[in-house]
Amino acid sequence: MTEFQENQLLDARGLLCPMPIVKAGKVMRGMDDGEILKIIATDRGSIVDFPAWCEDTGNELLEWHEEDDGLVFFIKKVEEEDW
Amino acid sequence: MLETDSLTQDDVRQIVREEIKRAFKKDPARKNLSMVASKGTLDWAYPPLILATAGAAANMDAAIFFTFYGLNIIHKDFEKKLLVAPTGNPAMPMPVPMPDVITGMPGMKAFATGMMKSMFSKKGVATIKELLDVAMEMEVRLIACQMTMDVFGYEESDFLDGVEFGGAAAFLSDARKSHVTLFI
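Protein sequences, first through last, are from chains A and B. One point on numbering: in this note's numbering, the residue at position 61 of the first sequence is 72, and numbering is uninterrupted. One point on numbering: in this note's numbering, the residue at position 105 of the second sequence is 204, and numbering is uninterrupted.
Read the hints as simulated data drawn from the structure, not as lab findings. Incorrect hints may have been included.
Unchecked claim - Simulated crosslink set (DSSO-like; lysine-lysine; CA at most 27 Å straight-line):
hint : chain 1 : residue 1 : chain 2 : residue 2
1    : B       : 222       : A       : 34
2    : A       : 34        : B       : 216
3    : A       : 87        : A       : 49
4    : B       : 228       : A       : 37
5    : B       : 216       : B       : 228
If we strip away everything but chain B, and leave its shape as in the complex, we get:
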């Protein structure tokens, strides 16, 4: 029991401050990370997987909701589907400057994709496969958007083992319990 008679106002303030600090640390939403991955190119496959695996490594419960082109990332054929297109992307580093009429020619997507993969591997960046394996191992929840699957004509069996299926309400239910929510 607290001996309240001997407590000064400052003591009480100090106790309250410490308790609030502990309560913030124990806020369950602090441990939850909910993301939407909406893009289906090789470069944009990285950010959600990097953040989810880093979150899982910091003991967070991470979930990624894959919608629209983001479904490519968890498709069984992700290696073939995740490409990068230099056309209309002035930020993409190219060995020599090329106008869009050149980068739009057949074979340029494969060339740019190969270039990005070899650059990443040379620098020591994990591959998408490695990140997906780590995500699954660390129990990151990978959720495919049912509506987009129906629109694009995908079956559940088109996706990697362990992928879950859900809709907007399922994502929002997770997101309202998460301090970290991102749309990528």
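Looking at chain A on its own, in the form it has when it is part of the complex:
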């Protein structure tokens, strides 16, 4: 288990789908390329939703694990490349 130094923290505990994703999307919009967002969530659906969301947005899921107070995700913002 690796701990990353986050630039922003999102406490999504107690929220159910789609709110953890919606809130993460909103915070990410205001972040710069390469910055790290730490999310704590209690919605079990997040385990599947955050990896899928990362695949679709191009952001990188660095690591996730379970702690006593919730599921912890570290996601790195990756700006979409122009083509």
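Starting from the known structure of chain A, fit chain B onto it as the hints suggest.
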């Protein structure tokens, strides 16, 4: 410039594969989500709003076309209009089993609606108002079906600020540019 002389057939295949993969990623239709919301009860108001806001959070351009009873969802009085009826709905969880002659009695719709709202709030599900606010903030396009509005006698001013108006051709024009299209 590519030095084609030194490229093997496998190199070319590899390059083509990577370029196709990138092209798929850049397919504009991949970013578009077009839905029809046709139902006007509290329970059925959730799926289109959940999917549209989740799509917007994944950088999709989401649009919902509200038709027939779905217009209730974007009506200014959506709080009063979105109800759930236990009658004829055996899937609706009730505290005790009740026959339709009981659930069809006056006040039962309000009771079932209140029950669903309190269950959702206890579990941490967003309210319809919260989802609508998020949808507007994230620029989800909410489009009211003009034809149904005319049939039901609605005016543009009956709907939430920011709602657009359109017809079947407008929806299809969006839908043909969207990989994700759903009828709810």
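*Would you check the hint for residue 34/A and residue 216/B, treating anything up to 27 Å between C-alpha atoms as holding?*
holds, 22 Å
*Regarding the pair residue 228/B and residue 37/A, is the alpha-carbon distance no greater than 27 Å?*
holds, 18 Å
*Does residue 222/B pair with residue 34/A here, judged by a C-alpha cut-off of 27 Å?*
holds, 18 Å
*Could you grab the alpha-carbon distance between residue 216/B and residue 228/B and see if it respects the 27 Å cut-off?*
Holds. Residue 216/B to residue 228/B sits at ~12 Å (cutoff 27 Å).
_Pairwise hint evaluation, residue 49/A against residue 87/A, where the allowed Cα distance is 27 Å at most_ = Since the Cα atoms of residue 87/A and residue 49/A sit roughly 9 Å apart, the hinted pair holds (cutoff 27 Å).
Against the hints set out earlier in the document, no violation occurs for any number.
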